[in-house]
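K.L.:
This is what each chain is made of:
Protein chains: 2
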Amino acid sequence: MTTPSRSSALRIDLHTHILPHTWPDLEAKFGYGGFVRLDHHAPCEARMMVGDTCFREIDDACWNPDRRLRDCDQDHVDVQVLSTVPIMFCYWARPKDGLALAQILNDHLASVIVAHPTRFVGLGTVPMQDPSLAIRELTRCVRELGFAGVQIGSNVNGRNLDDPALFEIFAAAEELGAAVFVHPWEMVGQERMERYWLPWLVGMPAETSLAICSVLLGGIIDRLPALRIGFAHGGGAFPWLIGRLQKGFEARPDLVATASSVAPRSQLGKIYLDSLVHDTAGLTYLLRQVGEKRIALGSDYPFPLGESPVGHVIDAMPDLSPTTRSRLLAGTALEFLNRSAGMFASA
Amino acid sequence: MTTPSRSSALRIDLHTHILPHTWPDLEAKFGYGGFVRLDHHAPCEARMMVGDTCFREIDDACWNPDRRLRDCDQDHVDVQVLSTVPIMFCYWARPKDGLALAQILNDHLASVIVAHPTRFVGLGTVPMQDPSLAIRELTRCVRELGFAGVQIGSNVNGRNLDDPALFEIFAAAEELGAAVFVHPWEMVGQERMERYWLPWLVGMPAETSLAICSVLLGGIIDRLPALRIGFAHGGGAFPWLIGRLQKGFEARPDLVATASSVAPRSQLGKIYLDSLVHDTAGLTYLLRQVGEKRIALGSDYPFPLGESPVGHVIDAMPDLSPTTRSRLLAGTALEFLNRSAGMFASA
Chain A
6 MTTPSRSSAL
16 RIDLHTHILP
26 HTWPDLEAKF
36 GYGGFVRLDH
46 HAPCEARMMV
56 GDTCFREIDD
66 ACWNPDRRLR
76 DCDQDHVDVQ
86 VLSTVPIMFC
96 YWARPKDGLA
106 LAQILNDHLA
116 SVIVAHPTRF
126 VGLGTVPMQD
136 PSLAIRELTR
146 CVRELGFAGV
156 QIGSNVNGRN
166 LDDPALFEIF
176 AAAEELGAAV
186 FVHPWEMVGQ
196 ERMERYWLPW
206 LVGMPAETSL
216 AICSVLLGGI
226 IDRLPALRIG
236 FAHGGGAFPW
246 LIGRLQKGFE
256 ARPDLVATAS
266 SVAPRSQLGK
276 IYLDSLVHDT
286 AGLTYLLRQV
296 GEKRIALGSD
306 YPFPLGESPV
316 GHVIDAMPDL
326 SPTTRSRLLA
336 GTALEFLNRS
346 AGMFASA
Chain B
6 MTTPSRSSAL
16 RIDLHTHILP
26 HTWPDLEAKF
36 GYGGFVRLDH
46 HAPCEARMMV
56 GDTCFREIDD
66 ACWNPDRRLR
76 DCDQDHVDVQ
86 VLSTVPIMFC
96 YWARPKDGLA
106 LAQILNDHLA
116 SVIVAHPTRF
126 VGLGTVPMQD
136 PSLAIRELTR
146 CVRELGFAGV
156 QIGSNVNGRN
166 LDDPALFEIF
176 AAAEELGAAV
186 FVHPWEMVGQ
196 ERMERYWLPW
206 LVGMPAETSL
216 AICSVLLGGI
226 IDRLPALRIG
236 FAHGGGAFPW
246 LIGRLQKGFE
256 ARPDLVATAS
266 SVAPRSQLGK
276 IYLDSLVHDT
286 AGLTYLLRQV
296 GEKRIALGSD
306 YPFPLGESPV
316 GHVIDAMPDL
326 SPTTRSRLLA
336 GTALEFLNRS
346 AGMFASA
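Residue numbers (the working numbering), protein chains in the order written: chain A, 6 to 352; chain B, 6 to 352.
The hints are simulated quantities; they were obtained by calculation from the structure and are not laboratory data. Note that the structure is a prediction, hence the values are computed from the model and not measured. Mixed in with the good hints, there may be bad ones.
Copies of one chain are not kept apart here, so a pair can be met inside one copy or by any two copies together.
[To be verified] With a Cα cut of at most 25 Å, we get these calculated SDA-like pairs of lysine to any residue:
#1 Lys298 to Leu74
#2 Lys34 to His113
#3 Lys275 to Ala262
#4 Lys101 to Pro204
#5 Lys275 to Pro204
#6 Lys275 to Arg200
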């Protein structure tokens, strides 16, 4: 591995995805279909297959830590926060199978981090379809595997994150000090998004806005004020809807303020967002509405809708103070992950 | 009516809703249910009823032109562009019933405008569920009733606006020089939005972003370059998704550019948006991404998620040139509606 030529500021990429190179045949193991298997059809290339359907073509950036570190060094990224690919959540699976799958993914994640403890941080996977098993695996992720927390899906089999059955998982995360990073999956309304990659372009932002509104308007943060919860893709459509949400809260509290009496604008300081908004106009708006304290560099590496080179939008921002820049590049992520800068290898 | 004390710049509110005071019993007339009736249960107040369910409480601002003009004068609005309330689209009705309903609404709209031709402009309603009937009524709206165009729903019974069956309606609008204003209704994913008024707060912006993407990525503007098409609520979530759309277009043209080879950023100058984004941070972003030439004051009067006083966000914008301000307050609307300022009564 080359010695990285990093800029002086620590850079942590909060939002990256990783898979094992291989895993057991889940369809054979569990006795029913719908799970992903990797078809390594060429050197450094694979297809994510569900049955006979190719979900996505990927390359070794997905599974090869050395390749990832080379890419990090090229983009001056000191630390990647690793989480699975959302299709692997499989919350539709039987609970004990979901637990077994989560354990496969988490044990792999732990092995990657153990080999490179100053370059990688883990966000585990838990079977949200069974809160008690989810809490058991969440506890293992944090206490035994040393992860900073977990990545969860934006809904659990169509139930939003304010579903009462899920509350105990968030309560356990708060108690454990585990970060919860929410990623869109099984996108709302995708039956109307057959063309133009719309589930990814329009569905994911809508799904994330629905998840954030469920958490905030559902009063989860009110009840768990120490919970550290973050959302991918700059919060999806949510930041753009703040004015509309606030207006709705003021105009029709009988409809909007049924579970939380805290105004949406007052909730903005209570959730974390990654910086993946693709241009400086977006990041300028995000900084104005949400503030640097709640925005952390995140790239969606290694996928094609991600930011590459990692951090180029923050780098292109005019007039950021060094304090704001370092907060966006690392400070917010360190706070969200409950890690100190000294744990990592930056020069 | 009081003489308005207007500011010097002409103000046109592109986005307002109106209903007749009363209309025939549609359930009895057509022989099946699902239509709205007004229950005038108190002076100046009514309930919009669908069967035994109250859809919305409204007041006489919805149906009384004199009340509307008093409100306009108070907010220094010279001209309201009138369109129906989206629930009245009823595209699920039998085509001939949809035509009959549209004619009831359009004849009422015409009567209001005839009485106040310098204060109101009309956008009619057409039965989109039957393109040939829709074109017939669209033609009547423009040629006989003197409307500037029509307001249509963001989908037609779950079909997006790029559905091939709808293309001839857009082609007719282009040929007639009719403006097409798209309003969200029957919101995508609302089955997951049971609480917190989410169909309005999250569903409408998602629905509008889906409509805009269908029009742009579906190549409708490429094929009809003279079509004037506008979208409510500042384009819903769409303006916030521009960076993601552009990235998707560049990264996966095989998925995104299947019907139009024009990049999303290059399409921004080809659609109109109203200004209803609720705060100056939002309008600043919108101006940066879309530009003043495509943004027109719109308030959603008289509904509670609307802007009141009308125009207060534009008024609160720092550093707008007089040219930009007058473009936002009237110039863009005049262009969209194909009207000249001299047709109206401004001082």
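K.L.:
Would you mind marking each hint as holding or not holding in the structure?
P.N.:
Going through the hints against the structure:
1. Lys298 to Leu74: neither (27 Å within a copy, 46 Å between copies)
2. Lys34 to His113: Answer is within: at 18 Å inside a copy they meet the 25 Å cutoff, but 67 Å across does not.
3. Lys275 to Ala262: Classified as within: same-chain Cα gap 17 Å, cross-chain 38 Å, threshold 25 Å.
4. Lys101 to Pro204: Neither. Shortest intra-copy (29 Å) and inter-copy (35 Å) distances fail the 25 Å Cα cut-off.
5. Lys275 to Pro204: Close across copies (24 Å), not inside one copy (28 Å); limit 25 Å.
6. Lys275 to Arg200: between (36 Å within a copy, 21 Å between copies)
When each numbered hint is compared with the structure, violations occur for hints 1, 4.
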